[in-house]
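Enquirer: The residues making up each chain are set out below.
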Amino acid sequence: MKLDLRKLKLRKVNETLQSIDQKRNNKSYTILNPEGNHAICAGLTDDIDVTIKGHVGYYCGGMNQNANITVEGNVGTGVAENMMSGKIHVKGNASQSAGATAHGGFLVIDGDASSRCGISMKGIDIVVKGSVGHMSAFMAQSGNLVVCGDAGEALGDSLYETDIYIKGRVKSLGADCIEKKMDNKHLKKLDKLLKKAKLDKLKSKDFKRYGSARKLYNFKIDNVSNY
Amino acid sequence: MCGIVGIYLKSKKFEKDLGKMLSGMLINMESRGPDSAGFAIYKKEKKEEFKYSICINNLAFEKFKKGITGKIKFTTILKNSDHVILSSKEKPKKVLDILNEFKGVSLVGYGKSIEIFKQIGNPKDVVKKFNLENFSGTHGIGHTRMATESAITTDGSHPYSTGSDECLVHNGSLSNHNNLRRNLTKKGINFKSDNDTEVAAGYISNHLSSKKNLKETLMSGLGDLDGFYTFITGTRKGFAIVRDEIACKPAVVAETKDYVAIASEFQAMAHLPGVNMAKIFEPEPGVVYSWGN
Numbered sequence: 001m002k003l004d005l006r007k008l009k010l011r012k013v014n015e016t017l018q019s020i021d022q023k024r025n026n027k028s029y030t031i032l033n034p035e036g037n038h039a040i041c042a043g044l045t046d047d048i049d050v051t052i053k054g055h056v057g058y059y060c061g062g063m064n065q066n067a068n069i070t071v072e073g074n075v076g077t078g079v080a081e082n083m084m085s086g087k088i089h090v091k092g093n094a095s096q097s098a099g100a101t102a103h104g105g106f107l108v109i110d111g112d113a114s115s116r117c118g119i120s121m122k123g124i125d126i127v128v129k130g131s132v133g134h135m136s137a138f139m140a141q142s143g144n145l146v147v148c149g150d151a152g153e154a155l156g157d158s159l160y161e162t163d164i165y166i167k168g169r170v171k172s173l174g175a176d177c178i179e180k181k182m183d184n185k186h187l188k189k190l191d192k193l194l195k196k197a198k199l200d201k202l203k204s205k206d207f208k209r210y211g212s213a214r215k216l217y218n219f220k221i222d223n224v225s226n227y
Numbered sequence: 001m002c003g004i005v006g007i008y009l010k011s012k013k014f015e016k017d018l019g020k021m022l023s024g025m026l027i028n029m030e031s032r033g034p035d036s037a038g039f040a041i042y043k044k045e046k047k048e049e050f051k052y053s054i055c056i057n058n059l060a061f062e063k064f065k066k067g068i069t070g071k072i073k074f075t076t077i078l079k080n081s082d083h084v085i086l087s088s089k090e091k092p093k094k095v096l097d098i099l100n101e102f103k104g105v106s107l108v109g110y111g112k113s114i115e116i117f118k119q120i121g122n123p124k125d126v127v128k129k130f131n132l133e134n135f136s137g138t139h140g141i142g143h144t145r146m147a148t149e150s151a152i153t154t155d156g157s158h159p160y161s162t163g164s165d166e167c168l169v170h171n172g173s174l175s176n177h178n179n180l181r182r183n184l185t186k187k188g189i190n191f192k193s194d195n196d197t198e199v200a201a202g203y204i205s206n207h208l209s210s211k212k213n214l215k216e217t218l219m220s221g222l223g224d225l226d227g228f229y230t231f232i233t234g235t236r237k238g239f240a241i242v243r244d245e246i247a248c249k250p251a252v253v254a255e256t257k258d259y260v261a262i263a264s265e266f267q268a269m270a271h272l273p274g275v276n277m278a279k280i281f282e283p284e285p286g287v288v289y290s291w292g293n
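So the protein sequences, as listed, match chains A and B. Numbering-wise (my numbering), the first sequence opens with residue 1 and increments by one. Numbering-wise (my numbering), the second sequence opens with residue 1 and increments by one.
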């Protein structure tokens, strides 16, 4: 089913996609002429396929549950923000804060993602085929961030328990983020994510793993006088 | 918030459509700035003439014309709503002194090719009032304002121009503008408002007048201007964009073989011809991008 944003209001399009009757409705949708609109496909809850033909604005697929969304273009700030489950595939580049605060699901970005990719992520898996900008995985709590290109300044600043895998160069690490040993279980986990993103040709051993030194967020008795 | 937009034409193909393209961008950016709007258009220069963009506010055009006749030798004087474009072959210093002393009007910019129009009100109304759609030119920049640190007035609206053919639009806020204003005032730069962007414009003009080029000026601005910003600056030959190193304030660039478009959000340029085939990217933090300079 085709939904044309030049003919329909954004609210109407989102309402249609948010109220799917699983028995009667079509499960495959195409959105035409997105023209940079914000909040396209926000708040979807059903297991449907949506393809967006063009560039979108902010918070595309925000709060997504179950839906499988493909964007054939670039996305603005906060794609997949607070996603719970489902999948979002961006074929172009992403602006800042991709996958911010997301609890689950899978976000794949074919191009680059700019600053603060995966900020405060809470369980989502993000695979970026290009590079990510500064402060990526800032205060990230759980889930995995995989970057096949380079990472900008202050990667993983104030990080909790997210695993970060970077294939290229890291400009600098943020506070309390360190390079960690790549064990077998990490290699296996990374292989699985690369396969899921259809990146079978890449080898998990070519990546480096970064994570929290756990010095910043664990209480240390030596610091008691500072409180 | 605030919305900023700009177009630089790489070929002559869209020169007649420049106003139309910019107008659509400004109207779309109303959501980021409903308080006031403004734009600067660069046209082909006339070698010996300077053009002065003047906001005459509530003063009747005839009264202004009468008041200025005899004091400034002008070749043309054209009214566009509450703005006037005055062309003159006299030396800018003399004309500026006279205009600055003329009560009830404010000079919004001057140069050989620039024309600036700005006013309070909804961008849609401002654009219509000045008939931006009918403008042609080589490049232009625009702004929609959501006022934060100074009042909603014409003088508080962007673009700001403090030097010949120079202008600046800004999305963000500066935190050290009072100090900079004091230093620049000592160097002879005049400010009309308490606005932070006007200080940034003064800073740029001051550096450009000491023979630095636009790219060098903006590079040194990264060290001296403290705060959040995405700036678009225009000069007679082109324009440039720079974002501060934190890069909280957005910007998108779309480049085709015919034009370079910049906007706070992609939706502002979604109506431009061939934009879906353009090379689209987000300017990196702390990097100066310039065209035509």
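A portion of the hints provided could be inaccurate.
[As the list claims (entries may be wrong)] Lysine-lysine pairs mimicking DSS-like chemistry, simulated, CA-CA at most 30 angstroms apart:
# : chain 1 : residue 1 : chain 2 : residue 2
1 : A       : Lys91     : B       : Lys249
2 : A       : Lys7      : B       : Lys215
3 : A       : Lys91     : B       : Lys129
4 : A       : Lys53     : B       : Lys10
5 : B       : Lys279    : A       : Lys201
Hints listed in this document are in silico derivations from the structure and should not be mistaken for laboratory results.
Enquirer: None of the hints should be skipped; say for each whether it holds.
Expert: To see whether the hints hold, each was checked on the structure:
no. : hint                : in the structure
1   : A/Lys91 / B/Lys249  : 24 angstroms, holds
2   : A/Lys7 / B/Lys215   : 43 angstroms, violated
3   : A/Lys91 / B/Lys129  : 41 angstroms, violated
4   : A/Lys53 / B/Lys10   : 28 angstroms, holds
5   : B/Lys279 / A/Lys201 : 28 angstroms, holds
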